[in-house]
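Asker: Residue-level listing of the chains:
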Amino acid sequence: MLAIETSGLVKTFGDTRAVDGLDLKVPTGAVYGVLGPNGAGKTTAVRMLATLLKPDAGQATVFGHDVVREADAVRGRVSLTGQYASVDEEMTGEENLILLARLLGHRKPAARERAAQLLEAFGLAEAGGRQVKTYSGGMRRRIDIAASILNTPDLLFLDEPTTGLDPRSRNNVWDIVRIVVAHGTTVLLTTQYLEEADRLASRIAVIDHGKVIAEGTPGELKSSVGAGSVHVRLRDPATRPDAERVLAEALNAPVYLESDPVALTARVTGSGNEAEQASRALHRLAEAGIVVDDFSLGQPSLDEVFLALTDHRATEEAAA
Amino acid sequence: MSTTTETTTTYAPAAEALGMVLAPGARPPRPSAWSASVTFGWRAMLKIKHVPEQLFDVTAFPLMMTLMFTYLFGGALAGSPTEYLQFLLPGIMVTSVVMITMYTGVEVNKDIEKGVFDRFRTLPIWRPSTMVGYLLGDLLRYTIASVVILAVGLLLGFRPAGGVTGAAGGILLLLAFSFAFSWLWTMFGLLMRSEKSVMGVSMLVLMPLTFLSNVYVDPSTMPGWLQVFVNASPITHLVTAVRSTMAGTPDAGEITWVLVSSVVLIAVFGTLTMRLYNRK
Chain A
1 MLAIETSGLV KTFGDTRAVD GLDLKVPTGA VYGVLGPNGA GKTTAVRMLA TLLKPDAGQA
61 TVFGHDVVRE ADAVRGRVSL TGQYASVDEE MTGEENLILL ARLLGHRKPA ARERAAQLLE
121 AFGLAEAGGR QVKTYSGGMR RRIDIAASIL NTPDLLFLDE PTTGLDPRSR NNVWDIVRIV
181 VAHGTTVLLT TQYLEEADRL ASRIAVIDHG KVIAEGTPGE LKSSVGAGSV HVRLRDPATR
241 PDAERVLAEA LNAPVYLESD PVALTARVTG SGNEAEQASR ALHRLAEAGI VVDDFSLGQP
301 SLDEVFLALT DHRATEEAAA
Chain B
1 MSTTTETTTT YAPAAEALGM VLAPGARPPR PSAWSASVTF GWRAMLKIKH VPEQLFDVTA
61 FPLMMTLMFT YLFGGALAGS PTEYLQFLLP GIMVTSVVMI TMYTGVEVNK DIEKGVFDRF
121 RTLPIWRPST MVGYLLGDLL RYTIASVVIL AVGLLLGFRP AGGVTGAAGG ILLLLAFSFA
181 FSWLWTMFGL LMRSEKSVMG VSMLVLMPLT FLSNVYVDPS TMPGWLQVFV NASPITHLVT
241 AVRSTMAGTP DAGEITWVLV SSVVLIAVFG TLTMRLYNRK
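As given, the protein sequences belong to chains A and B, one line each in that order. Mapping the first sequence onto this note's numbering, position 19 (from 1) lands on 19, and the numbers just tick up by one. Mapping the second sequence onto this note's numbering, position 50 (from 1) lands on 50, and the numbers just tick up by one.
Derived from the structure by calculation, the hints contain no laboratory data. Glycine is no exception: its CB is placed at the ideal position from the N, C-alpha and C atoms.
Just a few of them, taken from the derived set where beta-carbon distance is under 10 Å, the chain A residues facing chain B: (1) Q83; (2) S86; (3) V87; (4) T92; (5) E120; (6) R142; (7) A147; (8) S148; (9) N172.
Result set (EDC-like, lysine to aspartate or glutamate): computed pairs, CA atoms no more than 16 Å apart in a straight line: (10) K54(A) <-> E70(A); (11) K110(B) <-> E89(A); (12) K49(B) <-> E89(A); (13) K114(B) <-> E89(A); (14) K196(B) <-> D111(B); (15) K47(B) <-> E94(A).
Could you put together the complete structure from these sequences and hints?
Answerer: Written as structure tokens, this is what we have:
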């Protein structure tokens, strides 16, 4: 059975079509990534799936239950960690967990015990007696996730869980997500970071303007846009046009001129070893007498993925 | 003062510890409507515990109202403040408690924008329990205000002829009406865009409602057109009911009016509140 299935899901706010015919099929037991820029409709889609918003059109089911007609059945199996901490900042961490445990039907002693276990497991035992508003960003995220898994939900929505976190806290969240999934919970993760989706998700849907523009495993998506890209910084901005031509020839790929007048980025699309191709391209620059101050070989950025995907779609449409 | 403190020890998620809490035990059955409401009521109490300053409006404000009006009008209207107090106290109690019901709307409005509301709304619980929880917390605040006013009144020489039973009966009647009336504010709390506008609307409703009533003076001294308005005011009905109960001569007609209007208030504004809550 699918954890989530939507077809033609639509939500409009005034003139804006925040979600515009979204089709998703999310299998159970893994992390499913929803990747898109700000305003792509990720949060709106999650809010509809979590029964917080009613869709204007289309269908959505969670474990076979309709999110509108059987909202209560859906609520019994999901839990949500929103973009902003979904806990009461004026209450202590412990009070928040006890409150939720009680609301989920645990009796008082069981609720206390559950709260204590969770605080311990999330490294918040010492901070449990303090108001959540005194917590650091990473601690807030942890208490939030602890609250979300209080009843070991079958499906967990994580809406941009690492936005605004420092690298260490981000790594912690990633580790937690992996452990949660290993215990059988399906996770729907929205993110703006390709790296995050790549590290955690077994499938990714790229969405833009409320629609899915690409879907597949991280490997499939990356191979469709080029596995990596080479970023180059030149000493002299006047040499950039030459550098652009040399790189385009060497890599046989489009070159992006960045807003910084000495920087360019080229995708490494050809088959074979990426590093080898990149170093060959850099060698050609040296042969052409262009001085390179700095270079790096990295993953394509979300911008590049988007450009590639939308380019790809445009060519397909033109061919059809 | 710094509000953010980093933990001194660095945390790293441990698979075993997390595995323990993730082990799927049997999920307990859903809490009953009552149990969920009481849990939210507990949340309201915790908020009072963490921010006790918010009790200022249910202690200092009623105290000020009672003292101010007793000594301001007492001599002129009834010959002496003590004599006036026998007439004024039930009315000033109604005014103060009905005035503080508006904070319910302000609280709801402050909370609704926060992430925690999303969590509550994704829980498989009786939907109105979140709102009922606020009102249970507020009932405590209304009780404190009533008791403060009664205590001050007794100190100043208020002697209700109905005795303990009469005074308690009057307060219970006031609490029942205030609980019902608060649903008007939960509705505005969900409807308005900011706390300030909730306050604005509340004052616009409450000022004329409490002043144009029989709280301060006998309506028979007012011009005819005003009497029509004053006698129709729900506050007048409530004050007459509370006053008569405290005086040991309960007015069955007015008490029935108060109880029936409470039921109507809950039916109408409770329904509207829940409709807004589900749509938010």
